[in-house]
Amino acid sequence: MQKGLIQVTDSYERIVHWMLAISCLCLCVTGLGMMFQSFNFLGIIVGGLKNLKLIHNFTGLIFAASLILAIRMWWKEAGVFVFPEDLDWIKTAGGYLWHVDKVPETGKYNPGQKLFFLTVAGCGVLMLITGLIMWFPEALPISLVRWMYPLHALGFVVIFAFFFVHLYLGTIGNPGTVPAMITGWMDRAVLKKQHPGWLKEMEHNGTLIVSGEEKKTSHHA
Amino acid sequence: MTEKIKLYDDSKCTACRGCQLACKQWNALKSSQTENRGTYQNPPSLAPNTFMLIHFQDYVDDKGNIKWLFRKEACMHCTDAACVTVCPSGALYYNKETKTVGLDHGKCIGCKECVAACPFEIPRYESRTDKVYKCDMCESRITNNLEPACVKACPTGALKWGLKENILKTASKRAKDLGGDAATYGDKYVGGTHFMYVLKEKPAIYANIHKDPSIPWSVTIWKGWLKPLSLLAAGGVLGGAFFHYMIHGPKTPDAPNDGNDAGTTEGGK
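Those protein sequence lines, which keep their order, are chains E and P.
Going left to right, the first sequence walks through residues 1 to 221 as the numbering used here numbers them.
Going left to right, the second sequence walks through residues 1001 to 1269 as the numbering used here numbers them.
Rather than coming from a laboratory, the hints here were simulated on the basis of the structure.
Keep in mind that the hints are not guaranteed to be accurate.
[Unchecked claim] Straight-line alpha carbon distances no greater than 30 Å define the calculated BS3-like cross-link-like pairs of lysine-lysine that follow:
| hint | chain 1 | residue 1 | chain 2 | residue 2 |
| --- | --- | --- | --- | --- |
| 1 | E | Lys50 | P | Lys1131 |
| 2 | P | Lys1227 | P | Lys1251 |
| 3 | P | Lys1202 | P | Lys1067 |
| 4 | P | Lys1251 | E | Lys200 |
| 5 | E | Lys50 | P | Lys1173 |
| 6 | P | Lys1112 | P | Lys1223 |
| 7 | E | Lys108 | P | Lys1107 |
| 8 | E | Lys102 | P | Lys1251 |
| 9 | E | Lys200 | E | Lys108 |
| 10 | P | Lys1096 | P | Lys1164 |
| 11 | E | Lys50 | P | Lys1251 |
| 12 | P | Lys1173 | P | Lys1112 |
| 13 | P | Lys1160 | E | Lys50 |
| 14 | E | Lys3 | P | Lys1251 |
| 15 | P | Lys1096 | P | Lys1063 |
| 16 | P | Lys1223 | E | Lys91 |
| 17 | P | Lys1202 | E | Lys50 |
| 18 | P | Lys1096 | P | Lys1223 |
| 19 | P | Lys1107 | P | Lys1030 |
| 20 | E | Lys50 | P | Lys1012 |
| 21 | P | Lys1227 | P | Lys1131 |
| 22 | P | Lys1112 | E | Lys50 |
| 23 | P | Lys1227 | P | Lys1107 |
| 24 | P | Lys1173 | P | Lys1131 |
| 25 | P | Lys1012 | P | Lys1024 |
| 26 | P | Lys1024 | E | Lys50 |
| 27 | E | Lys76 | P | Lys1251 |
[As the list claims (entries may be wrong)] Listing some non-contacts, in silico: residues in chain E with all C-beta distances to chain P over 12 Å:
| hint | residue |
| --- | --- |
| 28 | Ile62 |
| 29 | Gly107 |
| 30 | Leu115 |
| 31 | Val157 |
Where is the CB? At the ideal position from N, CA and C, for every residue including glycine.
Turn these sequences into a full structure, and let the hints steer you where they fit.
Pasting the structure below:
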């Protein structure tokens, strides 16, 4: 491996991320196949629309499990805003929308990432609850069940749009960030640009893991 | 155009339930074991194997008179049918000739979306077959110029099948002739139903009747607004990302020129 790379994720983090991502994508595609009759052809691949329904329902269970793991794993780092630095970052929109000389430093995850995580977590839970009720609608009064469908659709509107936001910002919008979710090792320069606060924090705490180097022992131990 | 309507006139109905039997027979529906619940209404409610039902009701009016009311419950075959709007597979559809609502079980995926959408609460789901069932106005008969089986069986003329304009005229004339609280039911809702009633009493007093049926708001918000919005929003994001990349550009790492950070950097502005 190239020397001087910094470990930013461990294998557990990446596995949970991809479980969540792949099940979510599978749910989006199978869901689209049922939401739009013009996408009914997606059912042909799996031998009929009924199988598409079954795949959608059971993938939902995998998504649910991944979502619970993801929320447990990321809640502390990405679920809670830290003030005032997060507010300063929001005021500059992280330098994504207009020119900013110096983007305020934040912790491991910037408020944009936190917002993304919270949206996925919130909408994911919404999809989970409404989806389960839609799967077993006999359990509740019909007047209540009726509202599960627009809520499920609302969750989809948000998640589907956010998926493309995530795809863009995780790839070509921020070059050099993809390896964080593939190998887990990131270029120091990219990390310094994206997460300067976190880099300093790790250096300070001695938790920084650099490839080709012995793990630095913390002088605060 | 041969838009057709089935009419039920409760003032002529003797509740012989010949229609119920004819429905079971033509649609080859098995009967279920039921219990005596102290009423002639049997089976107790619509079911996957019961597409239609005569309701029996003891009604006491404000003068203390007891009236025995009958009502035939079945799919109302809406002109603007919520079930057709929500059906993901095209299993529920409008018959091109008669404008009644057909159901193709080969296409039904058992998602139960129609069950929750129907303003008359008609479709019934069966887990054994994982499909939904309801009256299809005997599509195999009406498309061959026969009347629905229930109409064919009716001995008193309480059930009629005919061209929309003729039936609407017959119905309003009958309601007028009956006088009092007699009224038509169905023709004013959901774009006009293709199964309608002439009721000798005020419609609202009939048990389990839907007083002001309309397409649920949940269906309108879901299929009318959020469904197109899902693609629009995703398309908007893709377009937005494209313009962001072109105008603002990606966030690239700074060149490695600042002191102790001697990491290898590729690219960058």
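Violating hint indices (sorted, rising)
Numbers 2, 5, 7, 11, 12, 13, 15, 16, 17, 20, 24 and 31, in rising order.
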